[in-house]
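K.L.:
Below, each chain spelled out in residue letters.
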Amino acid sequence: MAGRYKGDLTWEDVTPKPVWMNRRSLIATGASALALGSIAGPAAASLGAAKTEYGTDLEPNDFEEITSYNNFYEFGTDKGDPARNAHMLTTDPWSIEIDGLVDKPGTYSMADILDGVTLEERIYRFRCVERWSMVIPWVGFELADLLQKAGVQDGAQYVAFETALRPDEMPGVQFPIIEWPYREGLRLDEAMHPLTIIATGLYDELLPNQNGAPVRLVVPWKYGYKSIKSIVRISVTENQPVTAWNMYAPKEYGFYSNVNPNRDHPRWSQKFERRVGGGLFAKQTETLMFNGYEKEVASLYDGMDLIEFH
Amino acid sequence: MIGRVPPWSLYAFSIVPPAWLFFLGLTGGLGFEPIKELEHRLGELALQLFIVTLAIRPLREWTGISILKQRRALGLITFFYVALHLLVWLALDVGILSEIWADIIKRPYITVGMAAFLLMIPLAITSNNLSLRKMGPKRWRGWHKLTYPAAVLGALHYVMLAKGFQIEPLVYLGVTLLLLAARFKLPRKTVPV
Numbered sequence: 001m002a003g004r005y006k007g008d009l010t011w012e013d014v015t016p017k018p019v020w021m022n023r024r025s026l027i028a029t030g031a032s033a034l035a036l037g038s039i040a041g042p043a044a045a046s047l048g049a050a051k052t053e054y055g056t057d058l059e060p061n062d063f064e065e066i067t068s069y070n071n072f073y074e075f076g077t078d079k080g081d082p083a084r085n086a087h088m089l090t091t092d093p094w095s096i097e098i099d100g101l102v103d104k105p106g107t108y109s110m111a112d113i114l115d116g117v118t119l120e121e122r123i124y125r126f127r128c129v130e131r132w133s134m135v136i137p138w139v140g141f142e143l144a145d146l147l148q149k150a151g152v153q154d155g156a157q158y159v160a161f162e163t164a165l166r167p168d169e170m171p172g173v174q175f176p177i178i179e180w181p182y183r184e185g186l187r188l189d190e191a192m193h194p195l196t197i198i199a200t201g202l203y204d205e206l207l208p209n210q211n212g213a214p215v216r217l218v219v220p221w222k223y224g225y226k227s228i229k230s231i232v233r234i235s236v237t238e239n240q241p242v243t244a245w246n247m248y249a250p251k252e253y254g255f256y257s258n259v260n261p262n263r264d265h266p267r268w269s270q271k272f273e274r275r276v277g278g279g280l281f282a283k284q285t286e287t288l289m290f291n292g293y294e295k296e297v298a299s300l301y302d303g304m305d306l307i308e309f310h
Numbered sequence: 001m002i003g004r005v006p007p008w009s010l011y012a013f014s015i016v017p018p019a020w021l022f023f024l025g026l027t028g029g030l031g032f033e034p035i036k037e038l039e040h041r042l043g044e045l046a047l048q049l050f051i052v053t054l055a056i057r058p059l060r061e062w063t064g065i066s067i068l069k070q071r072r073a074l075g076l077i078t079f080f081y082v083a084l085h086l087l088v089w090l091a092l093d094v095g096i097l098s099e100i101w102a103d104i105i106k107r108p109y110i111t112v113g114m115a116a117f118l119l120m121i122p123l124a125i126t127s128n129n130l131s132l133r134k135m136g137p138k139r140w141r142g143w144h145k146l147t148y149p150a151a152v153l154g155a156l157h158y159v160m161l162a163k164g165f166q167i168e169p170l171v172y173l174g175v176t177l178l179l180l181a182a183r184f185k186l187p188r189k190t191v192p193v
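From first to last, the protein sequence lines are chains E and Y.
Taking my numbering, the leading residue of the first sequence gets 1, the next gets one more, and so forth.
Taking my numbering, the leading residue of the second sequence gets 1, the next gets one more, and so forth.
Watch out, some of these pointers could steer you wrong.
Stated by the list, open to error - Per label pair, the in silico range of CB-to-CB distance:
no.	chain 1	residue 1	chain 2	residue 2	range
1	Y	His40	E	Pro176	20 to 30 Å
2	Y	Phe23	E	Thr285	23 to 33 Å
3	Y	Gln166	E	Phe281	23 to 33 Å
4	E	Asp154	Y	Trp101	49 to 59 Å
5	E	Leu165	Y	Glu168	41 to 51 Å
6	Y	Leu87	E	Gly80	24 to 34 Å
Claimed, not checked - Calculated cross-link-like contacts (lysine-lysine; reagent style DSSO-like; alpha-carbon spacing at most 27 Å):
no.	chain 1	residue 1	chain 2	residue 2
7	Y	Lys106	E	Lys271
8	E	Lys251	Y	Lys163
9	E	Lys283	Y	Lys106
10	E	Lys251	Y	Lys106
11	E	Lys79	Y	Lys163
12	Y	Lys163	E	Lys271
What the hints assert, rightly or not - Covered by chain Y, per the in silico footprint, the following chain E stretches (three or more residues, Cβ under 8 Å):
no.	region
13	76-90
14	172-180
Read the hints as simulated data drawn from the structure, not as lab findings.
Keep in mind it's a predicted model, so treat the numbers as computed, not measured.
Even glycine gets a Cβ: it sits at the ideal position worked out from N, Cα and C.
Extracted from the complex, chain E is given alone in its bound form (with noise of 0.2 Å):
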C-alpha cells in the first residue's frame, strides 16, 4: 500500500537532522557546555521509516517548533501546555478499540497495528484554524492500511475516531472547554484516501506525547483539530458521527473543515494565515484552497457547495 501517493518534493529537501539538532544546540548556546553536550548526546531512535519521493515545496518547521508550539486542550489551552504536561500520558501498553461496520472488531494492539506496515516519511503542510502553519514531517502510514485490516463491511460511510480520556494523566480535561472526550470523524472516502495517515512519529523519531503519541491522525488538507490525537477508538459507521469542536459550535466549525480561504470562520477571515518560527516580522502568506491539496483531494467533494458544507 506505501507509496501510493507521489509529491512534488524529496526527503532531500527537509532539514538534515544534524543541521537542525545542530541549530538547538546554537539555540542552547547560552547554556553551559554540559547541556551542549547532552543535546549532542546520543539521539532517540531512528524510525527508519522509508525515504519516499514526498514533501511539498516548503521547508518543514524545526523539530523543536513542531514540539513546543501545541494544541491539545487535554493538556492545557496555552500553547506551552502540551510539551510542559503530556509526559503524564502512559503512551506504552497502548491500544485501539475497532468497532463498528467491520469484519474484525476487537483491540488492537500497537503491535497489531504495526503488524506489516511500511513506515514512510511524509512531509506535509499543517493549517490550523487559528490561522498559524507548519510544515511537519510526518512518520506514518495510510490509514486505509489499517481499515482494510479491519475489513470495512458493505453500508460504511463514515469513520469516527476518539481520544483518550484519563483525567489522572490529562490535568485540562477538568475543564469543560469542550465536551470530552475529544471526538472526530471522516467520510469513509476521506478516510481511505491515500494523503490521510495514521501518524507515529515526526522527523524520524517517536512521535512526542504533545503531538498525539502514540497514534494519531493526519488529514493535510483539513484544518488542524481534525487530525485528532492519541486515539484509543476508531468506528466505522453509516451515520455521521458527531465531532467534539462542530458539538461545540457547529457555525464554527463544519463536520468537513477543509482548509477553505473562501470560507471565514465566523470570527475571523481564513484568508491569510502565518508559518510558525518567523519572528517578530513574519508576514502573512495567502492560505491555499485545500491548504494546497487541491489537485489530489478536489474530486472527493465534486459538485458540493463547500461553504455550506464546510
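We have chain E; now place chain Y onto it with these hints.
P.N.:
This is chain Y only, laid out in the frame that chain E set:
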C-alpha cells in the same frame, strides 16, 4: 506609603513591561509565535491595569488606603497599553489594510475591542489638569465614567475571542463587573409595585 508614589515615576516605569516584552519577542523569549504572544500579553496587561484603576475607589472605601492621586496616571498607562496592543495587531499581526478594515467591520470581537479603544480616546485627551479646569470637575468626572463601559468592552473582547469554554477571560470579565457593581449601592428597601 503607596499613596506617596509620585505619578511621574509611574509613567516612567510604564515603559518597562512593553519594552521588555518587545525585547523578549525579538530574542525568542516569547516562543515561536512572538507576534500573537506579544499582542496577547499587552492586551492582558491592559485588562489587569483596568482592574487596578477600577479597584482604587472601592479600596479607599473599604480599607482607607487612598491612591486616588495616582489613578489618573494608571488610567493613562492603561490607554497606552491598549494603544500598543492595537498597534501590534495593526502593524505586526494583520498588516494588510483591506483585512484590517474588514476585521473591524465584520468581526464582533474586534468591533467591541475597537469601541473600547475609541471610548478611551477622549479620556486620554482630557486627562491633563488644563482640561479638568476648563471642563469643571463635575463634567470632567462625568466624562471619565466612560472608563466603565470601556473596561467592560475590553473584558468582553477577550471573552469573545476564546476558543472553547475557557475560565481566564471570564475571570477578567467577572472581576471587572464586580468592581463596577461595588460603585452602585443598592437601595435598602425595594418599592412595592
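K.L.:
So, for every hint listed, does it hold in this structure?
P.N.:
Hint by hint, here is what the structure shows:
1. His40(Y) / Pro176(E): 20 to 30 Å: Since the Cβ atoms of His40(Y) and Pro176(E) sit about 23 Å apart, the hinted range of 20 to 30 Å holds.
2. Phe23(Y) / Thr285(E): 23 to 33 Å: holds, 27 Å
3. Gln166(Y) / Phe281(E): 23 to 33 Å: holds, 29 Å
4. Asp154(E) / Trp101(Y): 49 to 59 Å: 53 Å Cβ-Cβ, so the 49 to 59 Å window holds.
5. Leu165(E) / Glu168(Y): 41 to 51 Å: violated, 23 Å
6. Leu87(Y) / Gly80(E): 24 to 34 Å: Given a distance of about 25 Å, which is inside 24 to 34 Å, the answer is holds.
7. Lys106(Y) / Lys271(E): holds, 14 Å
8. Lys251(E) / Lys163(Y): With Cα atoms ~13 Å apart, Lys251(E) and Lys163(Y) stay inside 27 Å; holds.
9. Lys283(E) / Lys106(Y): The given pair, whose Cα atoms are some 22 Å apart, holds under the 27 Å limit.
10. Lys251(E) / Lys106(Y): This hinted pair holds, its Cα atoms lying about 15 Å apart.
11. Lys79(E) / Lys163(Y): holds, 13 Å
12. Lys163(Y) / Lys271(E): holds, 19 Å
13. 76-90: With 3 residues in contact (Cβ-Cβ under 8 Å with chain Y), the coverage given for the region 76-90 of chain E holds.
14. 172-180: Satisfied; 4 residues make the cut.
In this structure, only the earlier hint numbered 5 is contradicted, and the remaining ones agree with it.
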